[in-house]
Amino acid sequence: MDKAPATRLERSSIDDVIDVYRKDVDMTLVREMLKLTPDQRVRRMIDFMRFLEEVREAGTKAFGKSQ
Amino acid sequence: MTQFGHLLALLSKSGVEFILIGGVAAWAHGSSRATVDLDVVYERSEANLKRIADALASIHPYLRGAPPGLPFRLDLQTLRGGLNFTLTTDLGSLDLLGEIAGGGGYENLLPHSSVMTMLDASCRCLNLDKLIEVKRAAGRPKDFEAVAELEGMRNERKTS
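Chains as they are written, first to last, in the numbering used here: chain A, 5 to 71; chain B, 34 to 193.
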């Protein structure tokens, strides 16, 4: 008898991998983001990326490129 | 840093038919994961390819990571002959994708997208269920990390 085709309901090791990552998801942050509109979420993340860039530049200035 | 708003506005105001996918689409759904490029799936009609070539000409698209000086032009012929382009531009990194793993092309994704207004531009964005599906199909560890967060969001929405 032929084996039934795999369906999304069938778990694979990929699901196990995702479960491992799931433990690191900060659900308090998720809940905060879900209170915002899509536009507000995107703007907040752009501000965050800008902040990361500034920190990286400051780090390079202070410690050099090897840091 | 990629000028996400300016890139979106440029595509949108030029009438380019596209669907926002990837990290910025995930932001719109509530993700807090960093991303450095704008990923879009574009419609491949001749008219749309021309709109893309015209819109991007002013921001000097070039193959990201390629050595400088290659005779690359993102014109109609190049768009016709290619499919997925990972580009660097004057406004930052843009992935212009004709097809994606687990999702297909623009027509396949269209029923799974909605129009959203973000950063003063109106654009189509892939819905959460399909975004999770294509991230799973992409198969990189960073995509699985993203899936964990996106599924958390989906569950949170269902229960709230």
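If you're looking for bench data, these hints aren't it; they were derived computationally from the structure.
Mixed in with the good hints there might be a few duds.
[What the hints assert, rightly or not] To give a feel for the contact side, a few chain A residues facing chain B, derived at Cβ under 8 Å:
no.: 1; residue: Y25
no.: 2; residue: R26
no.: 3; residue: V29
no.: 4; residue: V34
no.: 5; residue: R45
no.: 6; residue: V59
no.: 7; residue: K65
[As the list claims (entries may be wrong)] Here are the computed distance ranges between Cβ atoms for each label pair:
no.: 8; chain 1: B; residue 1: G114; chain 2: A; residue 2: L40; range: 37 to 45 Å
no.: 9; chain 1: B; residue 1: L143; chain 2: A; residue 2: A66; range: 33 to 41 Å
no.: 10; chain 1: B; residue 1: E140; chain 2: A; residue 2: T32; range: 36 to 44 Å
In this text, all values refer to a predicted model and were calculated from it rather than measured experimentally.
By construction, the Cβ of each residue, glycine as well, lies at the ideal position given by its N, Cα and C atoms.
Here's how the hints hold up against the structure:
1. The restraint placing Y25/A at the interface with chain B holds, with a minimum CB-CB distance near 4 Å, inside the 8 Å limit.
2. Hint status for R26/A relative to chain B: holds, with the closest Cβ pair at about 4 Å, below 8 Å.
3. Hint status for V29/A: holds, given a least beta-carbon distance of 5 Å to chain B, under 8 Å.
4. Using the Cβ-Cβ criterion of 8 Å, the hint placing V34/A at the interface with chain B is satisfied: the shortest such distance is roughly 5 Å.
5. Interface restraint check for R45/A: the shortest CB-CB distance to chain B comes to about 5 Å, inside 8 Å, so the restraint holds.
6. Here the hint on V59/A is broken, as its CB sits about 12 Å from the closest CB of chain B, past 8 Å.
7. Here the hint on K65/A is broken, as its CB sits about 17 Å from the closest CB of chain B, past 8 Å.
8. Roughly 42 Å separates the CB atoms of G114/B and L40/A, a value that falls within the hinted 37 to 45 Å.
9. Between L143/B and A66/A the C-beta distance comes to about 48 Å, which lies outside the given range of 33 to 41 Å.
10. For the pair E140/B and T32/A, the supplied restraint of 36 to 44 Å holds, since their beta-carbon distance comes to about 39 Å.
Consistency with the previously given hints fails for numbers 6, 7 and 9, ordered from lowest to highest.
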